[in-house]
Amino acid sequence: MIAFLLRRVGGALIVMLAVTAIAFVMFNYLGDPVVAILGQDASEAARRAVEQQLGLDRPILVRFFVYLRDIAGGNFGLSYRLGQPVTEVIVERLPATVELAFSGMAIALLIGVPAGVFSAIRRRSPVSRVLLGGSLIGISVPTFFVGVVLIWVFSVNLGVLPSFGRGQTVDLGWWTTGFLTSSGLAALVLPAMSIAVFQIAMIMRLVRAEMLEVIRSDYIQFARARGLPERRIYFRHALKNTLIPVITIIALQLGSLIAFAVITESVFQWPGLGLLFLQSVAAADVTIMSAYLILIAGLFVVINLAVDLLYFAIDPRLRARAGR
Amino acid sequence: MEAIEDMTKLNGIHGRTPFRGRMASGACAAALALGMAGSAATADTLRIAGQGDIGTLDPQAQNSQITISVLSMVYESLVTRDEDLQMVPSLALSWEPVADTTWRFELRPDVTFHDGSAFDAEDVKFTIERAQAETSQFANFVGSIASVEVIDDLTVEIETAMVDPLLPDKLGYIMIMDSGWAEANGVTVPQDLGNEENTYAVMNANGTGPYTIAERVPDNRTVLEINPDYWGEMADDIEEVIYLPISSPPTRISSLISGEVDVVIDVPPQDVQRLESTDGLTVARSPELRTIFFGFDHASGELRHGDAGGTNPFQDLRVRQAVDSAIDADTISRVVMRGLSQPTAQLIAPGNFGWNPEGDERAPFDIEHARELLAEAGYPDGFSVRMDCPTDTYTNPEQICQAVSAMMSQIGIDIDLNLIPRAQFIPLLWDKDTSFFIIGFNTAYFDAMYVLETLLMTQTGEDGEGIYNYSGYSNPEFDELVREARVELDRDRRQELMYEAFAIARADVAYAPLHTQTLVYAMRDGVDVPVRPDNFIEIRWVTMD
Amino acid sequence: MSDPNHPDPATNAEPKTAPGGAGRILRALRSASIVRSLRKDWVAMLALAVLLILMFAAALPNLLAPYRVFDLTQIQLMNAFRPPAWLDGGSAEFLLGTDDQGRDILSAIIYGLRVSVTVGLGGVALAVVIGVTIGLIAGYAGGFIDSLLMRVADVQLTFPAILIAVMIDGVSRAILGNAGRDNAAVIVLIIAIGLSGWVEYARAVRGATMVERHRDYVASAQLSRVGTASILFNHILPNVLTAVLVIGTIHLGVAILIEATLSFVGLGIPPTQPSLGTLIRVGNNYILSGEWWIAIMPGFALLVLVLAINLLGDFLRDALNPRLK
Chain C
40 MIAFLLRRVG
50 GALIVMLAVT
60 AIAFVMFNYL
70 GDPVVAILGQ
80 DASEAARRAV
90 EQQLGLDRPI
100 LVRFFVYLRD
110 IAGGNFGLSY
120 RLGQPVTEVI
130 VERLPATVEL
140 AFSGMAIALL
150 IGVPAGVFSA
160 IRRRSPVSRV
170 LLGGSLIGIS
180 VPTFFVGVVL
190 IWVFSVNLGV
200 LPSFGRGQTV
210 DLGWWTTGFL
220 TSSGLAALVL
230 PAMSIAVFQI
240 AMIMRLVRAE
250 MLEVIRSDYI
260 QFARARGLPE
270 RRIYFRHALK
280 NTLIPVITII
290 ALQLGSLIAF
300 AVITESVFQW
310 PGLGLLFLQS
320 VAAADVTIMS
330 AYLILIAGLF
340 VVINLAVDLL
350 YFAIDPRLRA
360 RAGR
Chain R
116 MEAIEDMTKL
126 NGIHGRTPFR
136 GRMASGACAA
146 ALALGMAGSA
156 ATADTLRIAG
166 QGDIGTLDPQ
176 AQNSQITISV
186 LSMVYESLVT
196 RDEDLQMVPS
206 LALSWEPVAD
216 TTWRFELRPD
226 VTFHDGSAFD
236 AEDVKFTIER
246 AQAETSQFAN
256 FVGSIASVEV
266 IDDLTVEIET
276 AMVDPLLPDK
286 LGYIMIMDSG
296 WAEANGVTVP
306 QDLGNEENTY
316 AVMNANGTGP
326 YTIAERVPDN
336 RTVLEINPDY
346 WGEMADDIEE
356 VIYLPISSPP
366 TRISSLISGE
376 VDVVIDVPPQ
386 DVQRLESTDG
396 LTVARSPELR
406 TIFFGFDHAS
416 GELRHGDAGG
426 TNPFQDLRVR
436 QAVDSAIDAD
446 TISRVVMRGL
456 SQPTAQLIAP
466 GNFGWNPEGD
476 ERAPFDIEHA
486 RELLAEAGYP
496 DGFSVRMDCP
506 TDTYTNPEQI
516 CQAVSAMMSQ
526 IGIDIDLNLI
536 PRAQFIPLLW
546 DKDTSFFIIG
556 FNTAYFDAMY
566 VLETLLMTQT
576 GEDGEGIYNY
586 SGYSNPEFDE
596 LVREARVELD
606 RDRRQELMYE
616 AFAIARADVA
626 YAPLHTQTLV
636 YAMRDGVDVP
646 VRPDNFIEIR
656 WVTMD
Chain H
65 MSDPNHPDPA
75 TNAEPKTAPG
85 GAGRILRALR
95 SASIVRSLRK
105 DWVAMLALAV
115 LLILMFAAAL
125 PNLLAPYRVF
135 DLTQIQLMNA
145 FRPPAWLDGG
155 SAEFLLGTDD
165 QGRDILSAII
175 YGLRVSVTVG
185 LGGVALAVVI
195 GVTIGLIAGY
205 AGGFIDSLLM
215 RVADVQLTFP
225 AILIAVMIDG
235 VSRAILGNAG
245 RDNAAVIVLI
255 IAIGLSGWVE
265 YARAVRGATM
275 VERHRDYVAS
285 AQLSRVGTAS
295 ILFNHILPNV
305 LTAVLVIGTI
315 HLGVAILIEA
325 TLSFVGLGIP
335 PTQPSLGTLI
345 RVGNNYILSG
355 EWWIAIMPGF
365 ALLVLVLAIN
375 LLGDFLRDAL
385 NPRLK
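Chains as they are written, first to last, in our numbering: chain C, 40 to 363; chain R, 116 to 660; chain H, 65 to 389.
These are computed hints drawn from the structure, not numbers from a lab.
Built from N, CA and C at the ideal position, the CB exists for glycine as well.
Treat the hints with care, as some may be off.
[Unchecked claim] Label-pair ranges, simulated between beta-carbon atoms: (1) Gln286/H with Val48/C: 51 to 61 Å; (2) Thr397/R with Ala111/C: 49 to 59 Å; (3) Gly454/R with Leu128/H: 54 to 64 Å; (4) Leu159/H with Glu391/R: 25 to 35 Å; (5) Arg255/C with Arg289/H: 41 to 51 Å; (6) Leu159/H with Gly576/R: 33 to 43 Å; (7) Leu200/R with Leu128/H: 50 to 60 Å.
Using the sequences plus the hints, can you model the full thing?
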């Protein structure tokens, strides 16, 4: 077990290092961070001075190793664009993205799981067909388009929901939340809906497929033959067995939801990590971009690890193999 | 739009959950709308949305329009401008030249910084020297200053290296900091990025202006609170001003239409008509001091990016003339800018000293003539060249560049359009690694000298000559005229010399001018934000009911 | 261990002998059962018809598009912002209206379709090549190579397509320079989509390969000293192709959406040769000013395209997977 964990963590560290290296080298070609600092009309002298301050005049390898050393010491450097420490900026934006992703996922689960179960149990019902058709549209329409349409309908034409930002947030010291104010909740509705549409459809389809699979399996047929009530068969046995793969996928989806929040955040100007990332790309703010990528990679590594451990706990064969 | 009107009345009432079911009646809609008070709108809060965020609170660190515009609510300079853009006293009561190269400024008494310390001559000296630092973005404005002498608490004398008739104009951009505060917080040099701890002035401010910084969350919001002890006059006493950067144009405009903000600066031209026809909104406009034009590589012997058989066609005057007359500025103004631009033949906008009322006649739009010119120059079949174009600065640059590419194709110039963000575009200018580009430029202190000196003079590296001359344009006759004009104290004679210089650059087609932009602010009824042509949000003039 | 998330149609699919790959698919398609189920499923028929039309348009835009929108000399700024023909001010000249440059929207959509489909198909093809190769090797070799390759797959999953695309963007800038990169935008996106989407193929193929490896015909092939490559390609590969076909169809829809998304945030195809996503991005600037058609028309086209692909993907999955009948 411990060997298994160590191997995984070791692998994760290599992944993170690779990500750091790739991120650092690639982002140097996205533009010149000095532009964000000095603007168009900057004299040669000012540019040289800033480059020297930032160490941009040194060879890229040297910069990379200095960067690695700093990261190892917990220092992600200074955002060129904002003049603030990167860690501070990221910690400030993280709550917005996490709240958005979790709200989106919550909506997706609340709608997707029941819809999936229903359409599996009542396969031939017209409602199921509508649900299935809707889910197909849900996975066929791009998230940004959903966002644009939602703003157009609910903010511009009906004027009932805000189109940008997080509304009023409450500062809890280490976390800012929009859950505690009416404007914060209202601001969350459209972005969370737009991020949820694809996930609803996906989860519904996934739950349905898994459920159908399980219903067909021998032991359910057996339970049926024993004359157990349908409701009990479906919810006690079938759904339970469906949930393990579903939870796996959802865990992985949560990661990509945070990564894909880039799109929703840009449409709704949601002040989270995704918007920060896009703005940093445009301004060639290398330090923020690298830190963001490392953070996302770290997140996935943790999620993958958790999923692995989950399997490890469930699947006796894996345990046996690891023990050998 | 009824819901929106209801909503603005109800702003400020809080408490009920916004989701109450479906919109059945107006009342219900209003209840839903409660949640829309995007940013804690009390009755006396002015919410302003613009495209970009302010980059820093350090008044000498970043010369970007929105940064200095918002900071001008917090910090003040020695002189400022009135509605007619005439210089008027601010922290200085009066100023006069006491010798050819010496200016004396009498300072305003009884002014205090937000932290309570008194404003005096030391602060002026300190700030000017701070602005001269290598990393200051305003070094150019104080470049002519040799020394600052404190005569007494409220008098300074500024010695310039050469005659500088524009010194007071330039000092309008130097926002005065408190020397004691700067020293106590270790921010005596702007933009000290090498020292990673040293970011105090980036996130904190201490000025003499009508507002103090109450909250600053970069990329999200900057909240300003009124300074009750402000010395100057205000048209209104709005308690709180919030600046919100909303970079996506449709989202920005939606936020105004739905009542989440009160004012939008940076209104895309295409949305003006809709905003004008929306009940409860007004649109204010003013010609901007920025001019947009196309630049050529005059210097390279061979096109750096493109193919013209080993030559650089742009070195031939006839090619530049051809490009100039193939640009249909009127159609661009009408279609791309929706009439919110003024086609021009000059490199500066009206409102600048040195703008020539008779010099605005463009070369006639004439494709045939342009083709003939190209043929005469030896390019009957045209040539191909890359055009570099930023996507996230100026107004609708992407559309303009695409339109001009199509126009160039009409005379056989095959454009490879390179649309890139600013962060990649501007280094191309700095490195002079561009053959054909679009650029916007404004004059900073309402005087054409800035353009003549920095953009058009041959780059010598001395006295700021040609520091922004990215095209390599060079004409000794022109340089001589500018050198003569810049030390000329007689206003009329100076204007005459500047006219002559511009005429030379025009005849050389140093650049192909396109248009001057029109600034548009949109705001809800009851708010009045006058548009200053230099795009400063002058908070002292703003009223709100 | 076979991946529990991807119940694998191929493992249960019929023949144990191994005819040529394409032949088998063709046979499956020709076989009475799939045609019969297609006939019964009018939705799938409709989706197939729509998809064929769209693919035809994408393949031969010159035949169908009224204007050559990539030819700058044909664009007249004067024609900009014309509404669709059925609205006030519209004309039959421009059936779906014009965009901000005076380009005919219908033609722009047809050419945009070509770009989107090219990127989608290219990305999927690349993902298939990478995924199938890795899957075959991992499944056949097993042991250390297998766990190494699957570890790489995990690493890959660490990166969502959008981040991979941003990085490839950086690499291509490094290699090609800015302008060169814009011209190569299609290839950059294909690589980004290919590199971000191969894992699912690899896992499915690996699972199937592991099963096939222990079948008699492989053993007998091994005994008769047939080369490994030959076993892989002639015997095992054909048996996993149905799975690849099903995954590939669904992936195509995803790939086209990824392209549109990247282009929408400005990291994809430039507006000089717009894809559907680029057209929507451009149109988004005019969504409030009344010229809604510039964004909505391409958006609708994108929706129809992806929907048709997904419908067909669903149909294929059900039709080729006997367990779900």
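Here is what the structure says about each hint:
Here the CB-CB span from Gln286/H to Val48/C is close to 38 Å, at odds with the stated 51 to 61 Å. For Thr397/R and Ala111/C, the Cβ-Cβ distance of about 56 Å falls inside the hinted range of 49 to 59 Å, so the restraint holds. A hinted range of 54 to 64 Å for the beta carbons of Gly454/R and Leu128/H is inconsistent with their spacing of about 36 Å. In this structure the hint that Leu159/H and Glu391/R lie 25 to 35 Å apart at CB holds, the actual value being about 30 Å.
Between Arg255/C and Arg289/H, the C-beta spacing of about 42 Å keeps the proposed range 41 to 51 Å intact. Between Leu159/H and Gly576/R the beta carbon distance is about 58 Å. The supplied range of 33 to 43 Å is therefore violated. At about 56 Å, the beta-carbon gap between Leu200/R and Leu128/H stays in the expected band of 50 to 60 Å.
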